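Dock chain B against the given chain A, drawing on the hints supplied.
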Amino acid sequence: MSEADAAYLASLAPAAPSAYHRLNPLTKAVAAIVCSLGAFVLGGYVGPLVILLGGIIPSAISARLLGRLLRISILLSLPIAISIVLVSVFTRAGTTVLFAIGPFDATLEGVDFAGQVLVRLLVLSTAVGLFGLTTDPRALVFDLERRGMSPKLGFAAVATVEAVPSLIERAGVIQAAQRARGLDTEGRLIARFRGIMPIVGPVLLSSLTEVEERSLALEVRAFGRPGRRNLLWWPGDTSAERVVRWVLVVGFLGLVAARAAGLLPRIP
Amino acid sequence: MLELRGVSYRYAGYAMAVVHDIDLALGDGEIVGLVGPNEAGKSTICLLACGLAPASIGGGLTGSLVIDGQSMTGRPVHELAGRVVLGFQNPATQRSGVAATVFEEVALGPMNLGLSVAATLARTRAALERLRIEHLAERDPARLSGGQGQLVAIASLLAMNPRHIVLDEPTAQLDPEGTRLVGEALRALAATGTALLVAEHKTDVLDGLCGRVAVVVDGRIVLDGPASRVFGDERLEGWGVEPPSRIRLSRALAGTGVDVTAALAR
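Chains as they are written, first to last, in our numbering: chain A, 3 to 270; chain B, 68 to 333.
Think of the hints as simulated: they come from the structure by calculation, not from any bench. For clarity, every value in this text was computed on a predicted model and none was experimentally measured. Glycine is no exception: its CB is placed at the ideal position from the N, C-alpha and C atoms. Treat the hints with care, as some may be off.
[To be verified] Here's a subset of chain B near chain A, in silico, CB distances under 10 Å, partners left out:
#	residue
1	Ala122
2	Pro143
3	His145
4	Gln156
5	Gln161
6	Gly164
7	Val165
8	Ala166
9	Met227
Isolated chain A (complex conformation):
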């Protein structure tokens, strides 16, 4: 292959504006999983906060997207956070009642429990968010395919992610068409809810038709052929990253074992 071809192939890889972006996708995936699960295994406040402040936030700063990450993570976890707070604060049994709303007592134990869950949720959403913001789905899929994963699995994963915007776009078009025919989709909550029903059917049916045609179009292009493909590009990997991945995995398994054996001291 000529140097020009090699340079062209290298240019196909997604842009990596920071060192964190340049990490192998599997390394970032392992880091996200270990941080998320680690926060739940450690429990309390201190453990998850150490993971957040010592691992995720510095990584986000190095990737130059701390502000964006926090905004997205908070927005994504807000609905769950609200329900966690409501359920934990008002339904968790406790002896110290802070205040009461009707038959529901807000207890200190409930507030404490909600706080602990919220910290873990924040770790989970920022860890996954950091991975999502710094990793092109294609890079992950090509990396996994290079390691032996079936391209079909990778395609299913990427196609699912890519399908969301087109699904939303189609829903908008169908909604506009229904509205043009007099369907009330605005105003009161009941009207909005009623307006959703005639849209769901066409969106789902057209999506299924599209999926079928897309899979046929792929088959025509030999997608079902067994055997390995020669990829045009794939993300780099280094021995240092391999060591980091193993350290993270072994460390996490050690943590789980220590927790299971009762060897882990109680951390607040």
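Just chain B now, kept in the frame of chain A:
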């Protein structure tokens, strides 16, 4: 040569066949048009011609698909990929969704075939050049016009190096500009000797492109012959097929007493 020999087919879950006793041949380098009203069976014939029916979508088939004298009936579609490919009408559904650039989109087929990277690059560039769309190589395939998207879809098929290309209404969802782009591309392809079977509503696209045209009505081929004879056939409109505007214009002029043939001869 690609042949459908005595083919009848019913879709999975249906008792009735939708196409009956189809005999259709596509010679090397030949351009054949397939016309007919809606629901006539044109798309089904396209699926049968490239082996997707019944291999991928199930259903019941009698008769056979024969390519270069070998029966291909029941073979996995990927085994047919170098011999015959099918393009659909919607450019969006032909996008893989996993390519960030047109170049990668077109390269997907050769990659799937397990070709070396060098061979994939060569085929991809050749396909883009044949349709004169090299300038689109760096573009995001999701952000192209309908016509450009359809050209990319056809280039993706060309990159498979097939001997026969089947196109199911390639301009159906395109505006006049997109139709013009695809029409020009098909003419360019025809000039390079690629065998094409084109199912198309717009007879103007086929006029001057196809050497032969077959008319499908109610799942049967009712007329198959040279394009000039088929497009000039008086029964065409009765079958729900609009003749090309050239024919309609000459008939309209003849109705006013103008002898177009004589005028052209002068």
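**Report entry** Hint numbers not upheld by this structure, sorted from lowest to highest
**Finding:** none
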